[in-house]
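First to last, the sequence lines map onto chains R and W.
In terms of this note's numbering, the first sequence has 236 at position 236, counting the first letter as 1, and numbering is strictly consecutive.
In terms of this note's numbering, the second sequence has 122 at position 122, counting the first letter as 1, and numbering is strictly consecutive.
FYI, nobody ran anything at the bench for these hints, they're computed from the structure.
Careful, some of the hints might be misleading.
Stated by the list, open to error - Now the in silico label distances, taken between C-beta atoms and shown as ranges:
1. ARG156(W) <-> SER56(R): 29 to 35 Å
2. ALA41(W) <-> GLY103(R): 55 to 61 Å
3. ARG117(R) <-> ASP4(W): 44 to 50 Å
4. ASP4(W) <-> GLY232(R): 42 to 48 Å
5. ASP160(W) <-> SER178(R): 29 to 35 Å
6. VAL88(W) <-> ARG102(R): 35 to 41 Å
To be verified - Which residues of chain W face chain R? A few of them, derived with a C-beta cut under 7 Å, are:
7. ARG161
8. GLU164
9. SER168
10. LEU169
11. GLY172
12. ALA174
13. THR175
14. PRO183
Glycine included, every Cβ here is placed at the ideal spot set by N, Cα and C.
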Amino acid sequence: MTTWSVEALEARLDAFRLGPVDLELAPGRTVAVLGSSGAGKTTLLRALAGFLPVTSGRIRREGRDITELAPERRGLGYVPQGLGLFAHRNVARNVSYPYEVRGRTDARARSRELLARFGLAELAHRYPARLSGGERQRVALARALAAEPQVVVWDEPGQALDVEARHALVDVLDDLRSNERLPVVLVTHDPALAFSTAEEFLVLRRGRVVLRGGAGALLDHPPDAFVARFAGFENVFDRAALANTPAGSLGRWLLERSGPGGVAFGRPHVVPAGGTWTATVASVRPTPEGVAVAARMRSLPVVLRQEPGVGASLPVPGATVGFHLEEKSLRALGSADPPIGEAA
Amino acid sequence: MRRDGPYWLALQVALSGSLLLLFVLPIVALFTYAPPSRILAAWNNSQVREAIGLTLYASGIAVLAAVVFAIPLGYLLARRRFPGRAVVESVVALPVVVPHLLVGLGLFLLLLPGAPLGKAMAYLGIPVYDTIWGVVLVMVFVSAPYTVLAADLSFRAVDDRVLEAARSLGAGPATAFLTVTVPLALRGLVAGLLLSWARAVSEIGGILILAQVVYPGGPYGGPVTSTVSVYVYNLVQQGDLPDAAAVSSVFLLIAFGIFLAVRLGERSGWLPWRRGELAP
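Hey, can you work out the whole structure from these sequences and the hints?
If you want it as structure tokens, here you go:
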């Protein structure tokens with residue numbers, strides 16, 4: 001089993017600068033790379049895969065420096081955004097491609113094994129244009145494994161998948177982790193996929209690492225509004241929005257507790273009678289975790305939750321509801337000293 | 001899927017139909033002007049066959065030259081950033097807009113025995129005037145830009161991420177180019193080469209100046225003849241319009257057959273470059 005390490009990696013793409021990024025990729029570990037659009041997630045993966053020149057820092061495989069190694073010699077299975085399937089080759093020939101380019105005489109037999117393993121044998125003669133999103137994902141992964149990589153790097157694996165296909169993808173990633181013992185790096189915008197597969201999270205903002213740690217670090221110290229929303233905080237307010245709320249309101253109270261980037265919290269429960277704060281209901285919608293109540297407190301929109309069975313009836317738009325907001329449920333955003341390297 | 005309204009559909013049919021009529025009517029006029037017996041006679045005429053043979057042969061060499069020289073240029077324009085790229089793109093478009101008599105005149109002047117290129121050709125023992133080389137030279141000049149433009153567009157359309165996937169799967173740059181870039185761009189490349197071929201066989205202006213009559217020599221060992229376009233031009237000059245129409249009809253049938261064969265080959269999957277798109 002191979003361990004990869006990324007040490008103070010920096011790269012440039014035109015005017016964009018990435019890094020420094022440090023990363024440890026141990027066998028069977030999955031790292032999810034998060035960040036808003038333009039944060040540098042894909043740039044990081046392309047630098048790891050050897051498609052962008054590294055301006056400083058090193059990439060090591062079992063201690064051996066591979067920073068300057070050509071992409072085809074890195075042993076890194078890169079699945080790009082959109083999967084990069086070959087439209088002119090059918091499924092079988094997509095999967096056998098890595099064997100063919102390496103001149104393997106057993107290309108057919110080996111690719112047949114992979115097709116069977118990923119449930120693609122029936123689709124062997126189909127072309128990518130005729131596959132569903134989930135099937136395409138399986139082809140991409142089978143093809144990546146045919147190259148016998150020592151790490152899998154996957155840009156947006158959950159993109160354009162239906163719910164079933166996404167569940168199947170989680171199983172496949174679990175299999176990679178537990179059976180293949182491969183380190184996996186994922187870029188994803190899908191919180192469910194990230195939390196169900198990754199042990200470690202790397203958060204980028206404008207090319208710089210703002211958080212590296214486990215799910216606990218992400219939930220306890222969301223560095224910015226993007227990560228807070230990603231982690232499931234439904235009420236996220238930046239400082240400017242809070243500063244503009246009228247004096248004496250919830251906004252002022254939150255402002256006192258927010259970090260330089262603002263504050264985030266989940267969905268406080270609606271209290272049938274009373275409550276520290278009151279708000280006017282704007283809309284009500286059912287969710288698996290209970291009824292989500294969108295309300296406004298003066299100019300501040302908040303999302304509240306009413307558990308099934310609580311209260312005699314659902315609040316209606318225009319009604320006034322009360323809620324409590326505990327200080328310990330608040331998360332300050334953009335703290336001056338982000339907990340880089342903190343473990344879960 | 002949203003269906004088009006009847007008026008919108010009627011407009012599309014009217015506009016497309018008008019253009020198709022413009023394409024078809026002059027051809028119909030040719031076929032109706034020359035009776036079938038005359039077309040058959042033209043087909044059996046050895047001089048006509050020689051002219052057609054020369055035209056297909058010379059245009060084949062021109063297409064080969066487009067493969068060798070125009071496709072790499074298209075690739076360069078599509079995939080590399082370099083200073084002066086806009087100038088190069090404009091230069092590529094020039095042969096399309098220059099009147100073709102001027103093309104012939106320009107090549108004629110360039111190849112005069114005292115001119116540098118003329119001296120070089122003489123030194124290499126490649127005669128150009130009234131030889132197949134003259135025909136090929138003019139054909140390449142007027143036709144290769146279509147392949148350059150098509151190659152540029154086709155290579156641009158190949159997603160970088162697909163190439164990156166190929167590289168990370170173990171393919172070196174050359175292997176990735178041959179196994180992924182070229183196959184994915186092939187449909188556009190073939191379309192460009194077909195256009196180049198069509199432009200080459202229809203050329204007359206430059207050929208009239210450089211090689212109105214083609215004598216044996218170089219890769220051509222056949223009898224003295226001329227390209228079909230010049231052959232038909234000569235018939236028109238002589239006032240023999242029925243024979244001109246008959247020879248044109250024969251050549252049009254051949255050209256139509258070639259285009260149709262390529263299209264049918266594509267659609268059936270026999271030719272490989274649309275298989276991924278058309279396969280069930």
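Here is how each hint holds up against the structure:
1. Distance hint for ARG156(W) and SER56(R): a CB-CB separation of about 32 Å, consistent with the stated range 29 to 35 Å.
2. Taken as a hint, the range 55 to 61 Å holds for the pair ALA41(W) and GLY103(R), whose Cβ atoms sit roughly 58 Å apart.
3. Checked against the hint of 44 to 50 Å, the C-beta distance between ARG117(R) and ASP4(W) comes to roughly 46 Å, which is consistent with it.
4. Restraint check, ASP4(W) to GLY232(R): a C-beta distance of roughly 45 Å satisfies the suggested window 42 to 48 Å.
5. In this structure, ASP160(W) and SER178(R) meet the distance hint of 29 to 35 Å, their C-beta atoms being roughly 33 Å apart.
6. Under the hint 35 to 41 Å, the C-beta atoms of VAL88(W) and ARG102(R), about 37 Å apart, fit the expected range.
7. At about 4 Å, the closest approach between the beta carbon of ARG161(W) and any beta carbon in chain R falls short of 7 Å, and the interface hint on this residue holds.
8. About 5 Å separates the beta-carbon of GLU164(W) from the nearest beta-carbon of chain R, less than 7 Å, and the hint is met.
9. The interface hint given for SER168(W) is met, as the beta carbon of that residue sits about 4 Å from the closest beta carbon of chain R, less than 7 Å.
10. Look at LEU169(W): its Cβ gets to within about 4 Å of chain R, closer than 7 Å, so that hint holds up.
11. The interface hint given for GLY172(W) holds, since its Cβ lies 6 Å from the closest Cβ of chain R, which is under the 7 Å cut-off.
12. Contact between ALA174(W) and chain R, as hinted, is not supported at the beta carbon level, the nearest pair being about 11 Å apart and thus beyond 7 Å.
13. Hint status for THR175(W): holds, given a least beta-carbon distance of 5 Å to chain R, under 7 Å.
14. Interface hint at PRO183(W): satisfied, since its Cβ lies 4 Å from the closest Cβ of chain R, which is below the 7 Å cut-off.
Hint compliance for this structure: hint 12 alone is broken.
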